[in-house]
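**Student:** We have chain D already, so just place chain L on it with the hints.
If you want the building blocks of each chain, they are given just below.
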Amino acid sequence: MKVMVCLKQVPHQDARLDVNADGTWIQEDNIKFEINSYDTYAVEEALRLKDAGDAEVVVVSIGPDRVTQALRTALGMGADRAIHVNDPVAFEADALGTAKILAAIAKEEGADVILAGLMSDDGNAASVPPMVAELLDMPSATGVLATDYGDASIKVERELEGGAVEIVELPKPCLMAIQTGANQVRYASLKGIMQAKKKPVDVKTVADLGLADSVGAAFNKTSIDKIHVPVKGDTAEILEGSTDEIVSQLVTKVKELGLL
Amino acid sequence: MGTILVVAEIQKGAIREASYELVAAARGAGDHEVNGLVIGSGVGDLGSEFASKGAGKTYVIDDTAAANYNVEIWTKAIKAAAEASGADLVLISNTPTGWDVAPRISAGLDCAFVSDAFKVEAKGSDFAFSRRVFNGKLDAEISTTGKTVATLQPGAMPAYEGSSDGGTEALSVDTSTRAKFIEIKIAESTGVDLTKADIIVSGGRGVGAPEKFPEVIQPLADALGGAMGASRPVVDAGWLDHPYQVGSSGQVVAPKLYIAAGISGAIQHLVGMKASNFIVAINKDPDAPIFEVANVGIVADLFDIVPALTDAIKAAKG
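Residue numbers (this note's numbering), protein chains in the order written: chain D, 1 to 260; chain L, 1 to 318.
Chain L extracted, bound-state conformation:
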């Protein structure tokens, strides 16, 4: 029996849901002892909470220098906790914090690394993982040898809801750093608030050109009385501004009706819209991952379907 270390992440003063998903993954991956790690400033209570809600014995690094995320402090902290716990597997959420620090732990410990897994299983004394590759088009089954660091895709499994016995143990690390945190800036509101729309019509790379948004996508949104959105490649290309972006780094929406036109369905987009009540996907590629989250799919050219649908909606409204 080995040990799995789960690294908690704190957001708005509380332990993130994704951290309890790590606990669930750890508890589901064979017969292992589970240990937790909480890093921050004034986080003693959160350490106790993590210890009692599934993480078991939890290491706490409580230092004013760790009030904000810092890649060097986190690297040293996780390495120290991995060593203290003798962890065979270290689990971290695949968030902007996770993908910033986790690969460094693997390099620092000279051990195996798996990123953005949606499944973890014990495989003898080692571990096996499943993850998406090629922007969601294929799955890879990965196995690792020896000590392993892995990040898990948030939302891929339900959060752990049980309890655990376990106290906390303070750990201290050298908190001198070269990288300096300056500030976090929250995006200013720009008037495009997709989260309040009942209907969203989003276009992706398949729309092909910036002028096609006002010509083809916006008219359908208007006919339905909804709002227009977009996937990341559209915003990256400068065709639409960031406030239109739906996805993990844009707006997370859950309208009554979401129409995705020419969007293949990269994970970061799906995270932002899969909670929608009803999803219609229009894409030429029958294997596009978007069809997996859609209620209704149309394998066709969006330029055939969307204008015709716009006319039909207008006609139906009279």
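Chain D extracted, bound-state conformation:
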């Protein structure tokens, strides 16, 4: 069985976010990047499948040279191979363009199971994984918290609201977008990191995938015009002073609320 994991490298959750010069994205120079938190759970899900049987795990990412580090980390965790789409045409694609790239790779690979994180920590759009499934005409489930694998199908637990879950059965091939907390993500071991250096990373371009006439900025239907710090509404009254002064103001507030 072949398992493909879609993986995105995003700014570190604690990175300083400054808007770039043309105001359309953040300043990416000199900040740390990491594997999107949701995607780490997708990698772990794939590795558990591999641990349980004979799955081959292929991790796929789109992005500049820095993405190599994210792919090496996933290989160090135990993935078998990596595909790196390192092409500025791809970096400029909107979500649907991105999905077309990933769908083309999944088709080439003949993936039986496609895994991705529910959303990314930068765009927060949760859009690419279901698009990939639609382009490949396969069933999908998002917000996946648990899985139970049968020979031909997978019982999937999807997160709904208020602690409820939906159980749905998907025949393979299928796509699952994994929710955070679905498993305990392993770390890459030292041995794993050493072995990862010998594992293959294929570098591809949009043209290699036959998508030069359908993916890239010229084909985008969705664009970011501007990115900015949210316009503050009624923001909090900020308490100032020493710790003692702040605490005494808080105690007064609690008393005013009639809770002391």
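Hint data in this document are derived by calculation from the structure and do not stem from the laboratory. Note that beta-carbon positions come from the ideal geometry of N, C-alpha and C, so glycine has one too. Heads up, none of these hints are tricks.
Covered, in the sense of this in silico footprint (three residues per stretch, anywhere, with C-beta under 8 Å from a C-beta of chain L), are these stretches of chain D:
#, stretch
1, 128-135
2, 139-146
3, 165-172
4, 239-248
**Tutor:** Then chain L, alone, in the frame of chain D:
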């Protein structure tokens, strides 16, 4: 003048409030005809209700196979209604149903997609959207070209309260599916019921380590006679169990006093606590989104403030 299709979602036998928020968004986004879509089993009356309460002409897919949500049926149904109505814009709520199906519609129609918008405006013959990115830290202004599918953040705008003229039109789609619905499981009660607490002290990723919850957060909750809660990253990391989680996928609470310590304020957490009567936020990052919903904010290390506050509350109680 084009057409906006609003997709209703049914919860507990009724059309969700969020669906009427979509109607309000559609009616506010320029001069368009609004059409509705209701999908389910035995939903004829709900179709008529949607048609008369703002959605206008409403397509109804009423099929026993659609009694429960199924991604393939919904994909086919929305695509069919989008085509039947000639919709320029399809609006869907950003709920577990919405985020499961909406991107598929965009890929299926090969059209623009915007997710989790909190504002929609007409921009010439196209549309412009505002949405949060980077877990609430920044906003993005998005524009789309041509046919567009968008999901809207529930609660971002008031629900439509007017009425509309419009009948229903039955649509049928192929309801054979590969994905099979098995069941919905409701979380079992575990004794931690935050919804009944008058005071909740919640900790987030900023608490830093699991042992700090019993050492720092719980003592303040105890001193105040309240309960302890947590944000999602804490539960995902296994530091506390799911029943402690406050947010859209955990418990939705509205206590008299909510203290958020080391919680940045991702949207999914804010949805679960912003209706609280009084909110105190303690966070080192002055730009943390939590300060936008808080009444009182403290830009400081929670480990300086929370233990001192615990002592002061104990002293005040005598």
